[in-house]
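Visitor: Which chain is which? The protein sequence lines are A and B, in order.
Taking the working numbering, I'd label the letters of the first sequence as residues 434 to 1023.
Taking the working numbering, I'd label the letters of the second sequence as residues -17 to 151.
The reader is advised that the hints may include incorrect statements.
[Said to hold, decoys possible] Derived pair list, reagent style DMTMM-like, types lysine to aspartate or glutamate, alpha-carbon separation capped at 25 angstroms: (1) Lys712(A) with Asp33(B); (2) Lys815(A) with Asp850(A); (3) Lys24(B) with Glu861(A); (4) Lys70(B) with Asp31(B); (5) Lys70(B) with Asp33(B); (6) Lys815(A) with Glu768(A); (7) Lys712(A) with Glu727(A); (8) Lys24(B) with Glu134(B); (9) Lys798(A) with Glu768(A); (10) Lys128(B) with Glu109(B); (11) Lys798(A) with Glu861(A); (12) Lys24(B) with Glu768(A); (13) Lys844(A) with Glu861(A); (14) Lys24(B) with Asp825(A); (15) Lys712(A) with Glu104(B).
[Stated by the list, open to error] Short derived list, chain B residues pointing at chain A, Cβ under 8 angstroms: (16) Met(-16); (17) Gly19; (18) Gly57; (19) Arg110.
The set of hints was computed from the structure by calculation and includes no laboratory data.
Backbone N, C-alpha and C define an ideal beta-carbon position, used for all residues, glycine too.
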Amino acid sequence: MSTDPHRPHRDSPSSEGYTSVDEDWTQLRTLLLSPEQTQLDELRDRLDNREVQPRDVSRVLPEAFAVRGERDPQLSTVLTPYVENGFVATIRKSPRAIVDAIAPIMGPAIRQAIARALQGMTQSFNHSLDESLSVRGLRWRLEAWRTGRPFAEVVLLHTLRYRVEQVFLIHRETGLLLHHVAAEGAVVQDQQVLSGMLTAIQSYVRDSFGASPDQTLDHFRVGEWTVWIEQGSHAYLAGVVRGTPPETLREDFQAALDDIHAQQPDALTHFNGDAAPFKTTRTSLENCLHAHYEPPPRPSALKLWILGGAMILLLSWWGVMAYQTHARWSNLLVELGTEPGMVVTVAKSTLTGYHLEGLRDPLAKDPSAMVVEAGLEPSSIKAVWSPYYSLDPQLVETRAHSMLHAPTTVKLSVEGDTLVATGSASIEWARETRRLATLVPGISLYRDEALVTTSIPDLLERVNRTVVRFRSGSSIVEPSERATLGAVSIALRELDQAVSQSGQRVRLEVLGSTDDTGPVTRNIQLGKERARAVLVALGGEQLGEATAVIAGLGQSTNQRGSTGEARDRRIVTLRATLTIANRGNEAARP
Amino acid sequence: MMQKKVCMLGGFAVGKTSLVRRFVSNVFSDHYHTTIGVTVEKKSVTVDDRDIMLVLWDLYGEDEFQRVRDSYLRGSSGYILVMDGTRKATLDTALALQQTALRTVGTVPFISIINKADVRSEWEIDERTIEQLRAQGWTVLFGSAKLGQGVEELFVALATQLVHAAPIP
């Protein structure tokens, strides 16, 4: 039924048929029901117009959000994209407003993060600096080079007492990771998978030993790492610690865990796999990332003084030794420079000693002997000498003596490029030398006008005509006889050198005899003694290649030069003959 | 990202690990299977444009020598039952494991997959049996570890059920 008082009634008759009763009735109804009629009209409008009016919604919106948000998370899911889009649009449109809004929060957060990073870096730097010059520092540097790790890391590892490298916050029932923090430089594996395995290991250990649910795995150790586990009612905390942590660290872990349980009771109780609410636990977990390092030992002042003194002494000793060695080396170079037959072309010091290069005449002095004379260690000098002929007069003379086999009775001297021979020699040697002298390096001319030459037969004759006389009963060579023997001795040497070139040797018989006074046996003995005395006077040991034989003839009258008188029979005569050289040397026999 | 713990259950040598190995992120060696009886792996899937991380507890196959530890099942949001189509006995094991799971974690979503779909002709588990399982409310998928078939669908199907069982905020 229509309640509109302004509209005609559908069942009413036409206007012509209106009666006064009807009008009265209508008027009465209007008077009585007017307020209710207005309300009824409004309700009718609402029913007819099904669309929700914003004004109506605005009245219930906050309460509706609260009621639906408590019931399930659907509201958040629906609104999230719109909020995100709106946020992005706002940032694009007016970023300044956003910056102003978050600056008070971000400023301190950034400062804290930078301070933490700087602190870690400074700590690492300080440790590296402290250890860089010590002995163990050098050892660690070697280790760093060997293993390819940074030096700072090696220092930290060695001075480290303990460091909490990672902290896991894990949901106890599901084993799912709620949050994870790690120290700088720590090796981090897949945290979600690791959380699951940590939980599985705890279950395994508990099941294996029949432990009750409240008995849990507290810690386990792997190499230098220890994993500490602190249990909470809904979550547990696992800290990976390198080194040996103090027991007080466990209290810090437990405090952090209690704090997290107090902050997130609902999120822990109704955990359904969404770890987002636990991002706020980061600070609590980071507070567990303790590290403690061993302070580097400070060497005492006395040790430093002793070490410094020893170093100075060592350096002084080394300096003196080096100076002395260098001075000796310089002296050696001077000696080598003035030594005939030696030319130094390269002389330098090396890491291991000295190096010498040069030319050396084979007749020059032995350089090794000179090194020893200079006071240097022969092994410290490496010398390379190339042979050459020196034209130094002294060496030319030596070379001439050597090549020409000059007898000792000849004196050779060099005058410019001329070789001069003086003294006496056999004709044969003189002849041969005239032919060969100019072949000696450094000799162009040869002169021997001052050389006295004799032939081998003359020399033999000079020796064989010698008669040495003795007093009666004496075997002492008289001074008057010594002049004779001196001349014989020279003749013998000349003879010896002359025949040696022709492959022959001188055989000298020294024959001693006596007069007929005294017994025969005594006279034989006396004869021998006289022969020996003459041989000694001739310089028997210096006769070179000559072979000397002595004999005592006793009262012989057959001695050459004997005239039959007694004084003529107290004599020693010489008989030199030539033999073939290869018959061997015969020692003088009585 | 939302995380869900999911257990993989099945008889001895039904191919659980082989089935999923190339689809999951693996850190630990299989050696843990025979030592502590479980290896944890993870797999990310996308459901309704949202990423879900399935933390898979791959439990050592149950046999007469080693039984699945109930403690490993606790806290699971769902589980996967793996059978070998060529061995009917693995179906019985799966049925027993499902009962164990039901006792331990209650009514949570689960999916079953019958391995060795590449050799259907050799199967001992027949269609009628499969239909009976489906009639009991089981989701039965077919897969092949050899060909790598059916695995992605398996994870997506389970993740979808997990999402619907507990709406993601």
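Visitor: Mind listing which of the numbered hints don't hold for this structure, in increasing order?
Guide: Hints 2, 3, 4, 5, 7, 11, 12, 14, 15 and 19 not satisfied by this model.
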